[in-house]
Amino acid sequence: MSESLLINICIVILFLPLLGFTTVVFLGKRIPKLYLFEVAILGIALLLSIIVAYVKLSIYNTKDIVAAFTWITMGNAPSPGVINIELGFKIDNITVLMLFVVNLISFLVHVFSIEYMRGDKLYTRYFAYLGIFTFSMLGIVLTHNLLMMYIFWELVGLSSYLLIGFWYEKKSASDAAKKAFIVNRIGDIGMFAGILILFTQYKTFTFDVIYQQIAAGNIPFGSNAWLTAAGILIFMGAVGKSAQFPLHVWLPDAMEGPTPVSALIHAATMVAAGVYLVVRIFVMLTADAMLVIAVVGAFTSLVAATIALTQNDIKKVLAYSTVSQLGYMVMSLGVGAYAFAFFHLITHAFFKACLFLGSGSVIHSMHHEQDIRNLGGLRKKMPITYYTFLISTLAISGVPLFSGFLSKDGILAGTLAFGKLTGHWLIPIIGFTVAGLTAFYMFRLVILTFHGEPRDQHKFDHAHESPFVMSAPLVVLAVLSIFIWYTPNPIGAADGWVIKNWIKTPAQVVPNETRFDFMKPSTEEAKAEIHGEVVHSVEYTETMHWAHYPAMFLSLAVAGLGILFAFMFYQWKKLNADKLAEKIKPLYNFSLNKWFLDELYDMTAIAGTLSFSSILAWFDNKIVDGIVNGSATVTRFVSKMSNLFDTFVVDGFVNFTAFFSGFVGLSFRRLQTGKVQTYIVFVIFAIIILLMFFKPF
Amino acid sequence: MLHVGLTHFLIISAVLFSLGIYGIVTRKNAVMVLMGIELVLNSANINFIAFSKYGNFGLGGQVIALFVIILAAAEAAIALAIVLNIYKTFSNVNVDEIDHLKE
Chain A
1 MSESLLINIC
11 IVILFLPLLG
21 FTTVVFLGKR
31 IPKLYLFEVA
41 ILGIALLLSI
51 IVAYVKLSIY
61 NTKDIVAAFT
71 WITMGNAPSP
81 GVINIELGFK
91 IDNITVLMLF
101 VVNLISFLVH
111 VFSIEYMRGD
121 KLYTRYFAYL
131 GIFTFSMLGI
141 VLTHNLLMMY
151 IFWELVGLSS
161 YLLIGFWYEK
171 KSASDAAKKA
181 FIVNRIGDIG
191 MFAGILILFT
201 QYKTFTFDVI
211 YQQIAAGNIP
221 FGSNAWLTAA
231 GILIFMGAVG
241 KSAQFPLHVW
251 LPDAMEGPTP
261 VSALIHAATM
271 VAAGVYLVVR
281 IFVMLTADAM
291 LVIAVVGAFT
301 SLVAATIALT
311 QNDIKKVLAY
321 STVSQLGYMV
331 MSLGVGAYAF
341 AFFHLITHAF
351 FKACLFLGSG
361 SVIHSMHHEQ
371 DIRNLGGLRK
381 KMPITYYTFL
391 ISTLAISGVP
401 LFSGFLSKDG
411 ILAGTLAFGK
421 LTGHWLIPII
431 GFTVAGLTAF
441 YMFRLVILTF
451 HGEPRDQHKF
461 DHAHESPFVM
471 SAPLVVLAVL
481 SIFIWYTPNP
491 IGAADGWVIK
501 NWIKTPAQVV
511 PNETRFDFMK
521 PSTEEAKAEI
531 HGEVVHSVEY
541 TETMHWAHYP
551 AMFLSLAVAG
561 LGILFAFMFY
571 QWKKLNADKL
581 AEKIKPLYNF
591 SLNKWFLDEL
601 YDMTAIAGTL
611 SFSSILAWFD
621 NKIVDGIVNG
631 SATVTRFVSK
641 MSNLFDTFVV
651 DGFVNFTAFF
661 SGFVGLSFRR
671 LQTGKVQTYI
681 VFVIFAIIIL
691 LMFFKPF
Chain B
1 MLHVGLTHFL
11 IISAVLFSLG
21 IYGIVTRKNA
31 VMVLMGIELV
41 LNSANINFIA
51 FSKYGNFGLG
61 GQVIALFVII
71 LAAAEAAIAL
81 AIVLNIYKTF
91 SNVNVDEIDH
101 LKE
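Residue numbers (our numbering), protein chains in the order written: chain A, 1 to 697; chain B, 1 to 103.
Be careful, since some hints might not be right.
Unchecked claim - Residues on chain A that point at chain B, a partial pick, calculated with CB under 8 Å: (1) T673; (2) G674; (3) K675; (4) V681.
Just so you know, these hints were derived from the structure itself, not from any lab. Think of the CB as a built atom: it goes at the ideal place given N, C-alpha and C, for glycine as much as any other residue.
Please model the entire structure based on the sequences and the hints provided.
Take a look at the structure:
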């Protein structure tokens, strides 16, 4: 398969969901069955993306395929020269992997939604929204420049807004949609500023050109601080979209949307876009920027994990676990474990989508009961949902034989190596703590939902296993959460094809003095020893080897402890959770109320904005309106004067003209008698006069 | 001996034309107006034939005269039909009173 064909297939993949969106949105009212067309289109896109991924990974494994065209040419001033803004695709290994993940989950969610959303009055429009979301997400994945990335970034923000507020009659849903939109905007401002710093310096948005320039020593405004700033500012976009602290508050509220949407957008794909962005800009991150990213990620994962411990809404627990896992990925990028971060993105997408769809299945069969205190004992009623949910939970908790263990283990080893090499030991400590907490709260969720005795007998009696179109996606996703798809060795991700062959950590391009020591290229001899891999220094590679087993045993130990405590508290009732909560009431309330962050924002940012707005309103009312009213008075006076002029001078002239015309008309109308014979006389006289004047003879 | 030439024919033709126009302009009855038109057409016919005889135009003038006669017949048919319709509408054929064109 030639490269151009590959590019063309990618273009088709990108625009298929847009075609689905336009068709469904314009014709959906007349042909309600069109949602099937949208589902079919996603199926085709999935098939094509599998082909693309296979071809790319097998034939062009080490080659990046770029296709671009000039969109806008502007400027001819001599100093900046002509600026060409390009649009285009860059297809490398992570692109095709993301392409596959996004299309697969989107397709499964489409299928799941057929049953889950049945009977909704905006049924077809829901599928249209899913289509526009998939289109925007694929745009982010395929782009080769920051501008297109930004455009599609905002498009996914829009589709997220539409889908969170899908049940917009509910006030909580429309509020959550607005919150998501506004909070994301805060992050996007930073991203925009970061893009502009790069654009001012390099006059281009294209990733590869920018990186070549940086590698050639051309850094923004000649200062490393600007490079760091650009990295952190673009990362701000990821903070918003990937729900990192302090902008994570929108994601749990986003669970007001339909559950399949939560699975698709707010767990598996869109929120991973932030991580994907950081992956894309990874090579231009300086050590300072990476430290900021690592700290933000670590703190986010800790905050979210502690909040998830006490939540009682099944979707809220999953939402906070998503935030926590996203924090993991971001932290992993910050500590330089690039490959494992992206690997975790993939594995997390599968098991988290499975968890969310599983919760959707539970909610569907329990008639929209989401409180885990009212669930329980569903294991026998819903075996497929239970076992898929359990497999995903084992994966997210980091139990061997499942995908989550591989990627999490890699991330933890990365943090451990980072701690050893730089002395920032807090990051690995947080990492391992969060691993334990994750195992605990996920098993709390499983036990409370599926084990034990039913707590709401009435609803339990009506519960039933979900139909085939809902359980099939669960099974597919659960199967993908098993290790065998990623590596033949269940305890060593590095032996598998994903890490060894597909995801290659790119070499940093930032100046040497701004890198971490372990990101500097090593001496020639050392390079030869590790077969030319110069991405990390030799010490880093060695430290990673050293960290492999300690990280694995430690993570196993904390995950095992977490699972054990979960069983002690909720299954065997050896320990009483309520009593413990009573004992540490302040801490419990702190966690239950989400660290009081919403209240804090209400008091500071929102109250501040409101009071600033009221000052502006006063300014508007008194001063701006005063000016406006004053000018209105002046205008009125001038109008009066010109009115007088109009009435007497202009109108007088006009009326005179009219009168004169009327007078002339009156005199001439005598001529028009209506008698043909008179006219003939006129004609004859006219002819005679003409003949006399022109004398044709 | 008086020689009859082109001029005489033209004079007769002019007299007929003028009489026709006079009739068209002065008669009140629509049928009379039509007869005036007929005179005008025939004056033209005389012109054609005279030029055909005295000029260098061959038989073209006579052919056109035949056409004019046919045309006059057709025109008379249509015009009389119009006059009949006018009579049906206004109950008379007095062209002085039929001045609705004015409005």
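Each hint, compared with the structure:
no.	hint	in the structure
1	T673	holds, 6 Å
2	G674	holds, 3 Å
3	K675	holds, 5 Å
4	V681	holds, 5 Å
This entry satisfies every hint, going by the numbered hints stated previously.
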